[in-house]
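Protein chains in written order, with the numbering used here: chain A, 1 to 475; chain B, 1001 to 1840.
The set of hints was computed from the structure by calculation and includes no laboratory data. Bear in mind that the values here come from a model prediction, so they are computed numbers and not experimental data. For glycine and all other residues, C-beta sits at the position ideal for the given N, C-alpha and C. Honestly, I wouldn't trust all of these hints.
Unchecked claim - Taking CB as the label site, the calculated pair distances span:
# : chain 1 : residue 1 : chain 2 : residue 2 : range
1 : B       : Thr-1021  : A       : Gly-216   : 56 to 62 Å
2 : B       : Asp-1684  : A       : Gly-73    : 46 to 52 Å
3 : A       : Thr-424   : B       : Arg-1122  : 41 to 47 Å
4 : A       : Val-89    : B       : Asp-1076  : 42 to 48 Å
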Amino acid sequence: MDSGLYNVILEYINIVFLMFTLALFIIFSTMGYLSTRNSIHYKKKNSFGDLTRIMASPMAPGITIIAPAFNEGLTIVQNIRSLLSLQYVNYEVMVVNDGSTDDTLEKMIAAYDLELVPREIDPDWMSKPIRGIYKSKQRSFSKLTVIDKFNGGKSDALNTGIHLSENKYVGCIDVDCLLMPDALLHVVKSFFQRSKKRVIAVGGVIRIANSCRIAGGMLEEIRLPANWLARFQLLEYTRSFLLGRMAWGRLDSLLIISGAFGFFDREIAVAVGGYDTKTVGEDMEIVFRMRRYMHDRHEPYTIEYLPDPLCWTEVPETVQMLVSQRDRWARGNLETLFKHKDMFFNSKYGRLGLLSYPYWFFYEWLAPILELTGLISIVLFFYLGILNVDFFIAMTFMVYTFAIMFSFYAILWEVYMYNQYTRTKDILILMIYALAEPFVFHPLVSYAALRGNGKKLFNVHSGWGTITRRGFSKA
Amino acid sequence: MFSDFSTYHSIPLITVPKIHTDLLWDFTFLFTGLGLVYFLVVFFFRNKLKKNGQEVARRKKELGPMISNFLFYEEDATNSEKVEYFNLKLEIRELLKDDLNRKVLVEILLDLQKDIAGDASRRLSDLYRNLGLHLDAFELLKSRRWEVVSRGILELTQLHVEESYGFIRKFINHKRGVIRNQAQLATVSLKHEGINYFLDTNKYQISEWQQLKLLDEIRNLENFKPPRFRAWLTSRNNDVVVFALRLIKFYKQNDANASLIELVKHRNNQIKIEAIECIKEFCVLEAMDTLKAVYGKCNAEVKIEILDAIGQMGEEEDIEFLRKAEKKEVNFLVRSKVISAINCITPGTILPTKDIISTSFPEEEPETEVGPPIPAICDDRVDPPPGDTEMQEELIPSPADSMKIPQPLEVMDEADEEAFKSSPTGEVSDATEEIPGEWELLLDLENEDTEIFEICFMEELLDILSEAASSEDPAQLVGVLPLDFLPMVTEEAVKQENRFPSIPEAILDLEVISEEVAEDAKFRLELDSMLQRIRVMEETGEVSLSQPYGDREINLGVIGMGQHNEDLLVAPADPEIPLNSAADDRQTIEAHPDSTGLHTCGPKNDEPSGEIQLLLPGKDELAVQHPSPEVFSEPLFYLTEDVTEITATDELETYASPEAKQQDMAATDTAYLSIFHELFRRADTESKLILLDEILAVGDEKELHFLIALTTSPNKALREKAILLSRQLQDIISRRHAQNSQQSNDEEFTERVPEPISGEGSTQAGQCDSYSDGQPVLMPLEECYLSDTGEPFNMFEVEFELIKEDPDPPGSDGNFQSPSHTLLDNILSIPVKIRDKFNG
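Work out the full structure, taking the sequences as your base and the hints as a guide.
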């Protein structure tokens, strides 16, 4: 090949990477700006008014919290007790025992004095058969409903709960999540505060509870996680939830609601058929479908996002568990994007088709692949002696400093909005982790994403995998 | 060579644009700089937040007590307090020159406002205005920033600055939603007519959240008289209509039926639903036709509401409509609701069919399993028809079933059950046995009854006491025991105790008239206590229940039991009816027919059949039939306690043995007063000996009698110890008496009554202990005070003075308290007395 052409190709490769990176910078900067505006607006708007006054209002809508449980015998009783102590008058806790093979059901029956209750079930509803529906004999646990069904996975369990709920809104959470006592009040406010648009879903921030002190179902002290991997995830979550999702919320283009804390308008959720049981990214997929459903009917709607720290959960503390989790997320992402590929740059879906979907495609799904390509190219070019070293070093430093700057901005915003880590030492540790993240944590996450994509592309069968939680007592 | 001739120039497309590496480094420096700035700002923010927090906390600490002093300042304060108050006011005014102080002060006031109400709240509001802080809030209203204006509105609203109403209500149609919402809340809360203004003038949509908050504001208004909200059902703003409907329902204004029926036809589904909710709430029967008419055009949500309304208000002629709806409907939820509505109107019309195994009951397989529950279509309100009760009961899983994985359903139908009942064995299958067990478990009838009885009993007693205290009629103060909640005792109930052979049949010949009480241990205990109390009265001699009231004596209801039967004959119509016959130890309780209180009636001489009755006010009565006098040779105390409390046959036999009888007879009148008597009844010999060791420490005359009674005990050890102890106790008592008589001569009595009001040995209700000429005299409590003042008696105005307690209570001297003052008190104080006894 002509060396001139060869050089041109090489130069263009550089340009492509540069453009991609610059576009990423622009998008991230825009997101930072939008999230800042949204956060300030949110903070001002919610600085007055007392939510607890509404707690027992006769007009308070009903909410069903659906918590799927599979082999949660160790902590199920405490977890339910925590859920039953929320500050709200009109809610139901529906625990769906998804065919647990341990003593989850027996523990629930014994602890909450449950008995079978008769209930007719829609024969057309597609989910695994229900073995029994239990209610407590004690009035103090009247908010609790336990559904025992054959194992069908998390989505199937959630669908069962959605179907059996009789309330206007359903909340899908992980049973081991710790909800703040006023969580439902915030959720109801989000559902109810719009007058021109219908709020079809409400999502929220997931906070990391590793190492936090929790007693009596209450978060007593917020501490920085002791585990190094959990600290990296804390930084990542702060960036993602406080900047990323706030920005997409501002644009009304949020395409994902965390499975650990997501609330839906039951009517719409049922209308779209509930969660897709064939994907591992069911939390993202249902939002896609609900949005498309409303778009197709030309009904004004929105999805609200709550930046308040209302839901706390435990994150993986070992590399193996982390990789397994991120592998699943990557597969779910790919499955969802593939399923809704007709939205890609489809102006019919407005910002969803022109902005949200492409972002997810390029920067959530494609980025790890491009990173891998870039890495291989660097090694190859270096081996061939054609690596533009100046460009490579300048580019690397630019990306690195941007990543650090963005992480610092996220920390700044965390301090401004909530200031939950009160010790100066904690903030300094987070900043040090921000410096190390591109070299330690990011490659891990990229590897997991690549593995997940690889499994999906090469049709390697893989399910949810198992995550062993250390568990934090909530009772 | 070609290049020399070529007319082509190099292709610009493949001329790669030059990437200036310096630009990349520039970006790198920029990001680094920004990163450093963020790093510094993070700590700057943290320090600032921390400093601000500390400063505000310090000032709050300084200003908080000042505000408290202001709030609790009284106009009638002393001069020094007034001086202090004015100095404080000057000091605060000086402090308020600082902006941060003003801000902190407002924060303090707003915080306080959340926690107080009524007069304190008004004072707080006055203070806010007096300090001129409301002017700052008015200034905020002029701001161009929405959050500042909103804060000003909130401040003025929370501190109830009514003057701001006119200013704020202008904002209720503001283009900024936050200001608008805050102004709406302020408008409805600052003045009662604010809701009218808001509903009249609101142009914007009202979010659900805003409606929720508005309702919260309205329902927290003091003395709020809601307007007739039907006036806004014609509003062009659909949200106003929805809100008005909700308010109509909340305030139960059922004067808008015609409008409600019209609104069912509204295009807006939310309005439809709210109108149907109101129709259901007020049971607007004339809306039925409209509901049926619009049904077909509604969506599933509205259909469900309509069906719910039809189910609630419908009659049998509506079934046909529902049948048709059921056939047409494809939506599962709606179809279920149709069935539910049908079953609500005519319960049991549609029965579960899924998974029902309909077979005749096989005799060779008598056991039937109850599997998973049958789907119930009817909702909770549906009462099962009589014919379906058994079926419905069968559907309820047993507790045992609830703990295991349900098996395929097998339910015994009515035919099966009939066949089973008529089976030769007569055994009840598991299924039929489990169902009552389930219900018993669920309801826990026995415990629940006991608990209910306890609650009722105590409530009644407290009511009696409070009525007695508040009654203006002195006649009602005493002897009135509205114990109509007590069940009536009749023969049959006690027949269950017949397994104790040593109890005379006649004693056990008791029956419950309307309700069995034999199983009600609590009741028995209470009744025993009451009867024991009566027995005490009997022991202490005549108990007169009359008191002077004008020129006549008023019967006070409960009659002493210490009289001979002859007394009954002497004055059968006399209010004072002695009941006790000491000669033959027969206890009779007889009620005076004119008495309004607790009547006790016993056999008169001309009524040899004998019946002990506690006649209760009203229609209920506690009647205990007793045997003929010769059979009834035991004290009544035994009659009640033996039958009700002894549960073990051997105990009963021991107790009913001649020796035991002899022992108790020897103890006669006072032996049973001893607390040891009760303890001995349940103790074995060893325990009795231990108890006897304690008797010297706590004993008095009662225990002496008790010991004397024990001296005839067949048990040698007991007998010997009793003899020894009785001597020692006698010595102790005589020493004690000597000391008391010495003391009594020296004592000054704190109160004296004008004159004793009753005859010898008779006492009155509500009496207080007084002394006349050194002798204790008992008289009605009201008499003690009314006689001097002539004012109406008010128990709560009695000024008590503690006096030394007489070591010999009146009861022990033959005088006794009247029942209304002492009977109930004694019933209530039995546990305390027992405890005191134990404590010495």
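Each hint, compared with the structure:
no.	hint	result
1	B:Thr-1021 / A:Gly-216: 56 to 62 Å	holds, 59 Å
2	B:Asp-1684 / A:Gly-73: 46 to 52 Å	holds, 49 Å
3	A:Thr-424 / B:Arg-1122: 41 to 47 Å	holds, 46 Å
4	A:Val-89 / B:Asp-1076: 42 to 48 Å	holds, 45 Å
Checked against the numbered hints listed earlier, the structure breaks none of them; every hint is satisfied.
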